[in-house]
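**Student:** Listed below, chain by chain, are the residues.
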Amino acid sequence: MELLIRNGFVYDPINGINGEKMDIAVKDGKIVEKVNERRAKKIDATGMVVMPGGVDIHSHIAGGKVNSGRLLRPEDHYKDFERKTAVTRSGVGYSIPSTFTTGYRYARMGWTTVMDPAMPPLEAKHTHEELSDTPIIDKASYPLLGDWWFVLEYLGDGRVEECARHVAWMIKATKGYAIKLVNPGGLEAWGFGRNVRNLDDQVPYFGITPREIIRGLCKVNKLLNLPHTIHVHTNNLGKPGNYITALETMRCVEDLAQDDKPVIHITHCQFSAFKGDDWRTLESGAEEIANYVNAHSHVTMDMGQVIFTDTTTMTADGPFQYILYTLSGNKWVNHDVETETSAGIVPFHYKRKSYVHATQWSIGLELALLIKDPWKILMTTDHPNGGPFIAYPRIVAWLMSRKAREATLKKINPKARSRSLLPTIDRELGFYEIAIVTRAGQAKALGLKNKGHLGVGADADIAIYNFNPETMDPSKKYKAVRRAFKRAAYTIKGGQVVAKDGEVLKHIEGATMWLNVQTSEEAKITEEMKKRFKEYWTVEFENYPVSEDYLAISQPITVKADV
Amino acid sequence: MIVNLYPVKEFRLPIIAECINPDIFQDKKLREIEKLEVWEGNKRKSLGELFKVEVAEAEGTPEATVIAIHGDVSRVRRIGAGMRSGEIIVKGDAGMHLGEEMRGGKITVYGNVLGWAGSMMRGGTIEIHGNAGDYLGAPYRGSTEGMNGGKIIVHGNIGNEAGAHMRKGLIKVYGNAGQFVGFRMHGGTIYVQKNCGGRAGACMTDGTIVVGGFLESVLPTFTIEGMRKKVKIEEGEVVDAPFYLFLGDLTENGKGRLYVAKEPNPHLSHYEKLL
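Chains A and B are the protein sequences, given in the same order. Numbering of the first sequence is given in my numbering, commencing with residue 1 and proceeding in unit increments. Numbering of the second sequence is given in my numbering, commencing with residue 1 and proceeding in unit increments.
In isolation and in its complexed conformation, chain B is listed as follows:
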């Protein structure tokens, strides 16, 4: 079943629509989908009031439910929250808390997303072809339940504090990243292909952060461990370039691994003397 959603207007108020979830849409008729509850600002609305809904059930369509959103939904929060299966495709920008606490399935966004995408996720895949906001894969404010599985791929840039409190899973960024990548991380892998803001891996206790581009400085609480010729990101993806390997964060007695590419970071060469 494919469900097409078309925003009926340009949204000006924040909309909370956790009902946009393949598990909820599954086996529902058009009428039932239109009646699902959403909040626009402080008003309770039905999904049908904000979106034109089309259900296509032609032969040859995939078995799992696919939701395709056509248009800008950057004001719509919690799309795909808690989803376990199926697929969501957003052809436009998406709002905050995309795929929050997601456990399975796939979300693809052909646009930018705002903060907290993949927050507290446990499984599944999120692929973002544009940029992502702050707190990518990080838990809600105050919470320590970070990302615990699954995969987030961002083809653009990301904001600050990506992968905070992360325990398992993979975040791959093919653009630049902001500050505090992998803050208080306990496990899993974060790969930033281009440049990375400061304080990468602050307070990390375990896990891997790989920075392929420029990193202004390594925190003083990291110690150099050695040089590595290449780093494996995941099965079938190996970055073949020399890397410095740092261990830390010692303030937390951490043994996390921070790989920083040698070539774009000549200012780190003084660490080589310590080897």
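If we strip away everything but chain A, and leave its shape as in the complex, we get:
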């Protein structure tokens, strides 16, 4: 099928196109130079913004933890549900929507690629079942390897190359996309009711420190030539004073960087940018982090913006979730995933009038605005931890308009307002920069070659928003920006129009991407390893790997490793 999108204002940062009026041609699901004008279906995008389809680097949309969250929160489903239509299926959920609703809601906003960032290897099959069930969007998942026993042992012995071969096997076995570290070392310690306090704290019984885990896996990542960097949820997350840990985490891999390429991704950085000794003296550490990131090129990060709403926090960081439970007194789930990782879920309400919550809201935006290079700070809410992803249009408006920020500032806790750095920041992002923080930058950080841009050969994932940058000023008309991003005029996925004016027109399946990491020598699956599987896992080794036919639409990406 051929498609011609005419006359839109195109924002394609990877190819350096900044609001030029041009046509985009699509053939067989790819962007092409030109198409037969008479035969092609034409979409008139006059007076509209045309961008690549949105990419989300960090959004918990599938897996055991998400599903436990759904079970934990029937009240979250009661208030927000979608009836089935002629093409779409019904679904429920506000902060933890069901799989179908997740796909539709992303598509309605113009997002077409979403990464699920935390897959316990043991629950890989479950995660892939849910990902296969999530329509329209392309997706992938990062296995949690920062507290994986074998990794801890290999790195403890300094056997980096063997560790790399093992990680390559793990990524293939779980059909994962990147190496995820959550509170490295801390989750293993949590199995013994403890946590690690800083990067040089010993992990009980393993004789290894978080610093060694981060550095080790960073080296592994490089040896394997993975497209994304290591994806790190820092130690001490969500604790006052943790901006020092975040800075140290970035510093500890500084020497591993080459040619200005990023080697570490600090995820939902807002939660790692707290200054102060306790909750009462909490302040923003965004300035310090921004100064560091502005001076270094080996880091990318995403915001983890907080939205004032009722949401569900869920991370693999068991000890942090326990703290959150003691703070809120809400119902909770905490789980130790055998030898691999942990998990926790606590419903949470971010309130405008709370000093801490309002400060968190401010920190997220400060990070995004103080870090000068938009390629380094990407837009997320760490769905659903900071708020559900359907709040993205509001964040776009806050980033584009000082006026929008001021309108919210007026309503927040007065002490938080007086300490916020936001009133001193005049910066307003344009559509070009928004295209970077919501799609191009995310695709680049993920190393997705065919996503996040509109160059010839790219996947035809396109979002068209009904906002005319020539006649309207986004910094003044921020409500119009919000409306435009809430309901994309057109969402095109793989060359098919899947949503128009916020209505889903088609239920199509999206692919699941995974890395087929090819090492010169296969990882040794020793008898010792199988024996340990027998002893410590509830799943037999033979049943452990996810086979390719398990994925509804499998899209392997071959990577040649150096080991």
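If you are wondering where the hints come from, they were derived from the structure by calculation, not from laboratory data. Treat the numbers as computed from the prediction; the structure is a model and nothing was measured. Where is the CB? At the ideal position from N, CA and C, for every residue including glycine. Heads up, some of the hints might be wrong.
Unchecked claim - Which chain B residues face chain A? A few, computed with CB under 10 Å, are given here:
| no. | residue |
| --- | --- |
| 1 | Pro139 |
| 2 | Tyr140 |
| 3 | Arg141 |
| 4 | Gly142 |
| 5 | Ser143 |
| 6 | Thr144 |
| 7 | Glu145 |
| 8 | Glu252 |
Take the given structure of chain A and dock chain B to it, following the hints.
**Tutor:** This is chain B only, laid out in the frame that chain A set:
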């Protein structure tokens, strides 16, 4: 304006009719009311298909909208959900979620109601002359937003978990109550005139529960505070009889007050030794 609704048949499928609400009926003509959307099972229907609607606008009728339902509507859910003013009178049984998230006005039922009546309500009054089901004034499953104002009066018996997560307001029951009255309650008052099932006030942190009849046992996490000669339920209603006063629930560091009448509960007399 008085709107009379007569069910046209015996309902067999669940009906969801949150449009039966005086605020929605207000200033609407008969035709418009008949066209309001309801769901019967999985079918979208109009109110006029399920009810015969009559609008009486004679002189001397009250200014606020009154909806009178004549007949059994025990299959009809969410009657009066979210209402802020006016009145609903049900002459028959009513279904689940009656007056859910209600903020004002009055609902009177001359019959029985099913579960979740007055769920998450913030204001107004619900009076039930028959029995009420489980979760009276309690939030939806999983939610912690309990009743936050208003008044529920039941002249018959009620089921389990009445007033769970309650924060404000009053529930008065002139019959018997099931188990877990005032579960996880944070405030407000619950009065059960007759007997009460076990585990009253489990996990309560604040608020008042008054049991006028037999209570099998008080949870071990409640401590006896003293005796009281009478207990005030609300302005103008005082129960004049000796009561034991217990404080709890200590598992939640609670300071809720549980009053249990002395006379019908001789098995609790051993607590007096602790005073």
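**Student:** Going through the numbered hints above, which ones does this structure break? Give me the numbers in ascending order.
**Tutor:** none
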